[in-house]
Amino acid sequence: MELRIDKLSQTYPNGVEALKNVSLRLKRGMFGLLGPNGAGKSTLMRILSTLQQPTSGSVRFNEFDVLRQPEEIRKRLGYLPQEFGVYPRINAETLLDHLAVLKGIGDKKQRKEIVEGLLVKTNLYSHRRKNLSGYSGGMRQRFGIAQALLANPSLIIVDEPTAGLDPAERNRFLNLLSELGQEAIVILSTHIVEDVKELCSEMAIINQGTILMQGNPLDSIKLLEGKVWKKRVPKDELTAYKERFEVISEKLIAGQPQIHIYSEVAPDETMEPVQPDLEDVYFSYITGKLQGNPQLSPA
Amino acid sequence: MIGNVIKFELQYRLKRPATWLYFGILFLMACLALSWDNLTVGGGTGQVKENAPVALATISLILSVLPGFFLMSGLMGVPIVRDREYKTESMLFTTTLTKGQYLFGRYIGSLLITLLVFSGILFGLITGSLIKTGNEDFLAFNLWHHLSPFLVFVLPNVLIGSALFFMGGALSRNLLFVFMQGILLLMVYLLADGLLGEDLENRNIVALIDPFGLNTSNVVSQYWTIAQKNTQVYAMEGLVLFNRLIWLSVAAFALAATYFGYKMEVVSTRRKGKKSKTKATVEKLLPNFVMHQISPTLTDGFRIRLQQIWGLARLYFAEIFKSVPFIAIAGAGMVIMGVNAVFFNTIYGTPVYASTGLVLELIGGFNLFFIIIIVFYTGELLWRERDVRFQQIFDATPTPNWVTLSAKFLGFTMIHVVMILLLILAGILIQIFKGFPEIDLGLYFRYMFSDTFFFLLLFTALGFFVHTLVNQKFVGHAVMILFFIVNAFVLGEIGLEHKMFNYASGGLGNYSDMNQYGHYVNPFNWFQLYWFGMAAILMVVTLLFSQRGTDMLMKTRLKLARYRYTQPAIIGSAVALMLFVGSGCFVYYNTNVLNEYRTSDQTKELQANYEKELSQYAELTQPKIVETNLKVDIYPEQRDFEAEGYYYLKNLSDEPIADMHIQLANQGGLALDYLRFDREATISKAYDEFDYFIYSFAERLSPGDSVKMDFKVLYDSKGFVEGNPNDEIAFNGTFFNSRYFPSLGYNDGFELGSDDDRKEYDLPVKEPQLPRDDPRGLAQNLFGDDADYIRFEIKLSTSADQIAIAPGYLQKEWEEDGRRHYHYKMDQPMVNFYSILSARYEKLEEVWDSINLEIYYHKGHEYNLDRMMKGMKQSLAYYSKNFSPYQYQQMRIMEFPRYSSFAQSFANTVPFSEGIGFTQEIEEGAIDMPFYVTAHEMAHQWWGHQVPEAGVRGNAMISESMSQYSALMVMKQEYSEEMIQKFLAYELDRYLSGRASETKKERPLIEVQGQNYIHYRKGAIVMYSLQDYIGEDSVNAALKRFNQDWAYKRQGRYPNTEDLLKYFRAVTPDSMQYLIKDMFETITLFENRTKEATITESSDGQYTVHLSAEAIKYRADSLGNETEIPLTDWIDVGVFGETEAGKDTLLYLQKHPIRQKEIELDIVVPIKPTKAGIDPINKLIDRNPDDNVKAIIES
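First to last, the protein sequences are chains A and B.
The first sequence begins at 1 in my numbering and counts up one residue at a time.
The second sequence begins at 1 in my numbering and counts up one residue at a time.
Simulated from the structure, these hints should not be mistaken for laboratory data.
Just so it is clear, CB atoms sit at the ideal spot from N, CA and C, and this is done for glycine as well.
Among the hints, a few may not be true.
Covered stretches of chain B, going by a simulated chain A footprint (3 or more residues, C-beta under 8 Å) [as the list claims (entries may be wrong)]:
1) 305-312
2) 386-397
Computed spacing ranges between beta-carbons, pair by pair [said to hold, decoys possible]:
3) L553(B) / F64(A): 21 to 31 Å
4) A561(B) / K108(A): 34 to 44 Å
5) G134(A) / E493(B): 33 to 43 Å
6) S295(B) / F64(A): 12 to 22 Å
For reference, chain A alone in the conformation it holds in the complex:
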């Protein structure tokens, strides 16, 4: 099972280059696509879900050409878009059943079982007769996952699924997702580093339409080991630090900025070394401190 993206480019009529020569190779398991807002994630997701034609490049899923044979991909695809609405005056059970038919599940009994199973699994069973328009954000997102799983897909694409969810909803949602990686390629696009850290065996970082890295999250963290330093600095000295050091990230801790700095050696004695995490990896790539894939990634 393999999804192969080759030299994919997308230029919009207004001149924006959403994807530049993107190539990726994905195998079974959870794949995290990390990137800031506007990096080109959604464009890539839409192309993979057959909703958009790229300007150039190719996408192959197993033996199928995604761009030329979208119907073959759609049979195997489960897709949860970043944002979606539903028909008014329709409940979860009816719509799932309806979508199951559209996905090609002809047998009524089977459909009923699957729909019920998914409703239970996504904890929507007790709300199955309720109009979808009355669902909360989290419930709607879980409905989204339910519909994506309807036809036992071998390619699952979820675009920014946790945006806008409260922490409890998010946890529930990620638990659900983690079960899926066994049998399918699951692509999780997100700008939240935590999501990837907790779930993915493989990841890529994308920014401004370009893939900055692809590899195993843990391997990539190893790349940074011993190279990340932190310091709490007064607000008015922040700019000075930024000029002097390669600052990966900054955040306020109890009102005072704390910066992480990338450096092969200890920059000065006031800096404390820190155990890098995925967030440091992410920011190092985004800010250009790190380049290239971690060599340790398994073949």
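Assemble the complex: chain A is given as a structure, and chain B must be docked to it using the hints.
Frame of chain A, contents of chain B only:
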């Protein structure tokens, strides 16, 4: 603060291209409507100039409604909705802006922009007028003519529409709701329009309730003459003022409602309540639930596709069927239909039986709503997933595009089917309420599920096609509306008038009980096949370009379309193309190869050339037909006939004749088999293009000599034609007349009639008829110059189940070779005008005074046979007593299909349309039209047949006005005075509106030239009035003498109107001689009105009525310019009392000499009066007959 809001709105809107686009649309349409001949928007015709004030007002009004109200809904609906859509509400509402400032700022700003847009109409008209300055069809430029309709109609319309649409947008914050309002307004307009109908009573109500003022302007100017139309502007007074006030108050109310109803909240409180209820449910997580892993069986066979289509179609059906706009449109359509049903198909206020065929026509009125539904919902359905933001999930499912499209089509089709069933149910209910329970369910289903259903499918396909290609909902709607406009108005103008260019054309037409859909069925089938081929092509293209995914670029869609053009699509498009081209070829073969096809321009050109080349022969002396002997074999099932026979032609002139000019009938399908003379003759010149041939005799025909002309013509219905088929030759109900047979010499009936056309083809403007004293005209009768009176004999044959009838007496009837044969022969000379009919008839026979009376009717149409029979009897009695004996021993009425609505009098034969008389439902107090029409046609046996008038101007006054008079006298004997008054009120209205829509010139009765409103309508009014003034006996005495002197003039000189007037003058007292001038020789109108009527009771119990009234007498010229003339008249003064039953009864009615405008009179009556007035029962022509009588005030 409010200033800033307005300023913002103005700045924002002025930068929007849409504002200027809308302005441009209105500007261009207004300008072109005036200055471009190919765009006509109710402008002036004939003598009414293109930029006459009335024409300018009509254009302004129409444009302010369409596209005006459509644009306005966009302009005024959005300002509040916009803040919701762009989610700027939260920001705005948290500022210090008050509700009033916000709402009225937005309102005023948008209103100013709307006014700017609508000023396009004004500037467009001004520009159009200026461009055409100096053109003979244009008046000199007059700014007020352009400005006044803008102020009186457009400006109020903008204020009304703006307020309503603003309210709709602000309160619903949903554009769809705003469009709905527009449709609702249209409903009110249509409701008003439906009320207008035939009934005279409702006009003022209609004028008041029309939201657009269209009907108001029509009612106000209904009797305006050419001169008035060219000079008069609509004043802000009377009905116009009240209408505007009513609707402006509605607008003010709408603004108030907006202010009080609008809440400055982002989430409406009502909805919030509902939401919190759902949120309140607490979720419980089921710990570690393990889903039993099911591997679903995915299929992609045909079965699952059907399942998918059905599932989706049901969803879409429900989406449309449950949506509020749909319910509103469909409901409103039903309501309008119900209202129309109340005023269903009336002739002079008398309804027609609600037969299934007629109810189907009524239901046809719903098609407009079907079109609205299709325009909106094809867009809505295509955009359904995108509108609810479900398309990413939906598009990523493996459902093929063709399944989605089929499902949308099927869902819509289900809507159509349900609507059709509802309409059938409504039709049945109408029939039951109308008390006509003969419900033809089969006909309902046959028609609705062919003609209507196909029409719906074709336009649904078009809607999906347009919306798919355009891919922008609002623009898609606009393109669809544009399509309907182009289809209806533009195609013909640019020469693409062939029905094959007019999408979904070629309907079944109207139903005739006699002939059913008859010869319309075959072309219907082929045209539908052709259009379904077209629709199939459209659907394949729609499929190839259907939007899937988020990419909307045409380039990508083209690329995708190429990917999608795989084997099934190729096969599909090939089949569709074959169907389209194949059936198209067949249709073309029928319309253009088997039959002759001409565009209207080509026809006009042919007519012009005919006149240019052949009018030189117009005055040629030809022999006259003195005998006609024919054998006509009719084959109804093939719609063919063969006619063979001869004319005897006699040289009645005093010079020898060398050439015979033969004109064959101008009728497609007709061919000459042979034509020969019994003396040597050769064709010396043939004008094949005009079927006109000149035969030269070897030896000239001497005066008094005769020649026999044998001929045979074949009528062959081949396939079908492009335009209206020939309804005269039908499967059941053939009725054609002598025009199918060869005639002699030039026929000026083929000439171009309208002045505009004549100018275009460089022909001098010509009066249609010869002057009253033209010797050539006086020497021929109204049936033409081919003959005076002829001897007539005819043998007919037809299929075994039909009866064939022609003038003359039946000599013999027999069967031979499975066909029925008839031999008719007239025992005395008759005019050269005869009819041939054949149908499956039932027969009703009675004898009156040894005259056989027969009615041949369609089985089932027995309703009014007794009224017609009575009409024949009463007519014979009255006419033979008062005019002269009836010339035949027999009279027959024959029904023919309702493709035409008239009755016509031939010698002892009256063909009578099933559309009038036979199927009318005459209730107590209604005008008995079958009786009246019968009496009128009977009168023609005297006026027209006994006395055929000369072929000169005014001739219709002799045959038609005298027949109107005769029929009125017969009706007067049978029915009450009130019914006559009711009838004459319609005649007056028709006369006044007839003269208002005159395009050339109105003529006095003695000069009438084929103007129905004069010789029928005015003729009836003045003749009735004449007998009231000088006495019925005197008029009859005059007519009797006229008949004695002029009946059966064999040759040389026929009577004109002057001849007739002499007899009237002779019986009119000197004091009344002015009437002859007023009624016949001039156009005279009155403006009589009662100002006040009071009473005083005297001691002896008598009442004295003091009447204060006014009488003005006008004389109008041919364009309607009026001059007041002095009064030397006798005018009725009447006083009404009330019977115990509360009905009006005349206490006093006397003619008073009136010599001056102001009238003060005292009249004594014995009973307490209620009303009084001048000319109280409207014997004079008066445009405001309602103000003649006033209720009496007690002093």
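Now the hints, each set against the structure:
| no. | hint | verdict |
| --- | --- | --- |
| 1 | 305-312 | holds (count 4) |
| 2 | 386-397 | holds (count 9) |
| 3 | L553(B) / F64(A): 21 to 31 Å | holds (24 Å) |
| 4 | A561(B) / K108(A): 34 to 44 Å | holds (36 Å) |
| 5 | G134(A) / E493(B): 33 to 43 Å | violated (55 Å) |
| 6 | S295(B) / F64(A): 12 to 22 Å | holds (20 Å) |
Of the hints listed earlier, the one the structure fails to meet is number 5.
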